[in-house]
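Numbers 1 to 362, taken from my numbering, label the letters of the sequence shown in order.
In case anyone wonders, no lab produced these hints; they're calculated from the structure. Take the hints with a grain of salt, since some may be wrong.
As the list claims (entries may be wrong) - Derived lysine-lysine pairs resembling DSS-like cross-links, with alpha carbons at most 30 Å apart:
1. K323 - K183
2. K85 - K204
3. K85 - K350
4. K190 - K204
5. K204 - K19
6. K196 - K229
7. K183 - K157
8. K204 - K82
9. K323 - K171
10. K171 - K157
11. K171 - K229
12. K171 - K183
13. K229 - K350
14. K183 - K19
15. K350 - K82
16. K19 - K85
17. K323 - K196
18. K82 - K19
19. K204 - K229
20. K229 - K82
21. K323 - K157
22. K85 - K323
23. K323 - K229
24. K171 - K190
25. K204 - K350
26. K196 - K171
27. K196 - K350
28. K196 - K183
To be verified - Listed next, with one range per pair, are the computed distances between beta-carbon atoms:
29. L156 - A25: 46 to 56 Å
30. A51 - T12: 22 to 32 Å
31. G140 - D39: 19 to 29 Å
32. D315 - A51: 49 to 59 Å
33. I295 - E335: 21 to 31 Å
34. Y128 - P49: 33 to 43 Å
35. G90 - D39: 31 to 41 Å
36. E335 - G249: 16 to 26 Å
37. S238 - G140: 37 to 47 Å
38. T197 - A48: 21 to 31 Å
39. T319 - A169: 32 to 42 Å
40. I33 - S238: 41 to 51 Å
For every residue, glycine included, the Cβ atom is placed at its ideal position computed from N, Cα and C.
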Amino acid sequence: MTFSPDYVTARTQFREAVKRLGWIAHQYPIAGIGPRGEDLSIDVAASAPPATQPVLIISSGLHGVEGFLGSAVQLALLERWKRQKRLPEGLRCVLLHALNPHGFSWSRRSDADNIDLNRNFLLNGMEYNGDCEAYARFDGFLNPQHPPSRWDMFYLKASWLVARYGLPALKQALVTGQHDFTKGLFFAGKGPSQTKTILQEHMKSWIGSATTVVHLDFHAGLGAWGTYKLIIDYPLSSGQQDRLTRWFGAQAWEESDAKRISYQPRGSLGHWCTAQNFAPEYLFAAVEFGTYSNIPVIAGLRAENQAHQWGRPDDPRTTRAKKQLRELFSPVSEEWRSRALAQSFDLVEKAIDGVLGEAEPT
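Please construct the entire structure, taking both the sequences and the accompanying hints into account.
Right under this line is the structure:
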């Protein structure tokens with residue numbers, strides 16, 4: 001059972017697979033509980049103690065409910081490496097499971113403080129505030145302060161706002177992140193999140209003295225159905241651009257400073273990781289697997305946030321909204337799941353081959 005039905009099952013399966021492989025395991029508790037009273041944690045597994053060899057990091061669940069895919073990929077990889085008896089020599093692997101266990105457990109994209117974690121990793125010197133004027137125009141539409149309704153007329157309202165302000169303005173409000181509307185979508189927080197604090201304290205120890213790190217952070221919900229794109233939202237050197245093209249192909253990745261970029265948030269995990277000097281060479285990519293189109297995804301995020309913030313946990317509307325959000329980010333389609341896993345295997349193999357190829361003497 002690679003795709004787990006819930007967070008507890010995913011974590012249990014992950015821990016058992018790690019134990020079978022004999023990997024080093026750590027658990028980092030997160031404050032709060034899940035919907036059935038379960039404790040929450042970020043789980044970290046490493047194939048070997050920290051050393052100098054290259055490191056492949058695979059992380060999941062930064063956006064909570066998107067963790068169903070990333071966790072499935074991690075579990076499937078562990079099972080594959082168990083059958084193969086070992087990883088290729090000369091490489092350490094570090095798996096970060098459920099970076100947002102609250103969102104994973106509660107079928108939310110945000111954490112216990114309603115923080116969108118991929119907007120919370122501000123660089124040193126940045127303040128947890130900003131101009132939210134663009135977002136404020138859309139607050140009433142994005143965050144209705146009542147439970148969701150079948151008669152909401154979401155699509156009509158969205159069309160009117162696009163006609164009035166333009167699609168670029170709406171997209172900018174959605175993806176940049178905001179610090180003023182604490183119960184609103186894409187809230188970036190008033191300070192560092194629990195997850196950021198844990199990574200700030202422990203990331204270097206997980207990496208060790210490696211000079212090369214490749215980090216694949218799995219997400220879902222953006223792009224064409226059942227296909228992936230590597231999203232790079234920090235400045236790349238020409239060498240890194242060349243490396244991405246050689247390893248994965250020119251069409252597989254997208255850089256944020258290109259006009260083609262899908263979104264450009266502030267406070268992303270990738271930009272933060274590459275700015276911390278964890279290793280001389282740190283290549284980060286958000287692996288985005290496409291599910292449904294943008295408008296249904298936004299509608300689903302909006303409905304779930306309404307239900308969670310202004311509804312009751314036992315209300316059928318809340319149950320329905322959370323079930324729909326799980327479908328939007330982890331479709332039950334066997335075809336989608338099979339394609340996602342197969343492409344993830346291929347992607348990870350390309351990353352491993354690339355890392356080891358770069359490490360070989362010339």
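Right, here's what the structure says about each hint:
1. K323 - K183: holds (20 Å)
2. K85 - K204: Status holds; Cα separation ~27 Å.
3. K85 - K350: Roughly 19 Å separates the two Cα atoms, so the pair holds.
4. K190 - K204: holds (25 Å)
5. K204 - K19: holds (23 Å)
6. K196 - K229: holds (25 Å)
7. K183 - K157: holds (20 Å)
8. K204 - K82: holds (27 Å)
9. K323 - K171: holds (25 Å)
10. K171 - K157: holds (15 Å)
11. K171 - K229: holds (19 Å)
12. K171 - K183: Within the cut-off at roughly 19 Å; holds.
13. K229 - K350: Status holds; Cα separation ~14 Å.
14. K183 - K19: violated (39 Å)
15. K350 - K82: Satisfied, since the Cα-Cα distance of roughly 19 Å is no more than 30 Å.
16. K19 - K85: holds (14 Å)
17. K323 - K196: Between K323 and K196 the Cα gap is close to 28 Å, so the pair holds against 30 Å.
18. K82 - K19: Cα-Cα ~11 Å, so holds.
19. K204 - K229: This hinted pair holds, its Cα atoms lying about 27 Å apart.
20. K229 - K82: holds (28 Å)
21. K323 - K157: Roughly 23 Å between the alpha carbons, so the hint for K323 and K157 holds.
22. K85 - K323: Between K85 and K323 the Cα gap is close to 38 Å, so the pair fails against 30 Å, i.e. violated.
23. K323 - K229: holds (25 Å)
24. K171 - K190: holds (22 Å)
25. K204 - K350: holds (25 Å)
26. K196 - K171: Cα-Cα ~25 Å, so holds.
27. K196 - K350: holds (29 Å)
28. K196 - K183: Holds. K196 to K183 sits at ~20 Å (cutoff 30 Å).
29. L156 - A25: 46 to 56 Å: Check passed, 50 Å falls within 46 to 56 Å.
30. A51 - T12: 22 to 32 Å: Roughly 29 Å apart at Cβ, these two residues keep to the hinted range, so it holds.
31. G140 - D39: 19 to 29 Å: Given a distance of about 37 Å, which is not inside 19 to 29 Å, the answer is violated.
32. D315 - A51: 49 to 59 Å: Since the Cβ atoms of D315 and A51 sit about 52 Å apart, the hinted range of 49 to 59 Å holds.
33. I295 - E335: 21 to 31 Å: Cβ of I295 to Cβ of E335: about 22 Å, so the range 21 to 31 Å holds.
34. Y128 - P49: 33 to 43 Å: With Cβ atoms ~36 Å apart, the hint holds.
35. G90 - D39: 31 to 41 Å: Since the Cβ atoms of G90 and D39 sit about 37 Å apart, the hinted range of 31 to 41 Å holds.
36. E335 - G249: 16 to 26 Å: With Cβ atoms ~23 Å apart, the hint holds.
37. S238 - G140: 37 to 47 Å: Holds, since S238 and G140 (Cβ atoms, about 45 Å apart) stay within the stated range.
38. T197 - A48: 21 to 31 Å: holds (26 Å)
39. T319 - A169: 32 to 42 Å: holds (34 Å)
40. I33 - S238: 41 to 51 Å: holds (48 Å)
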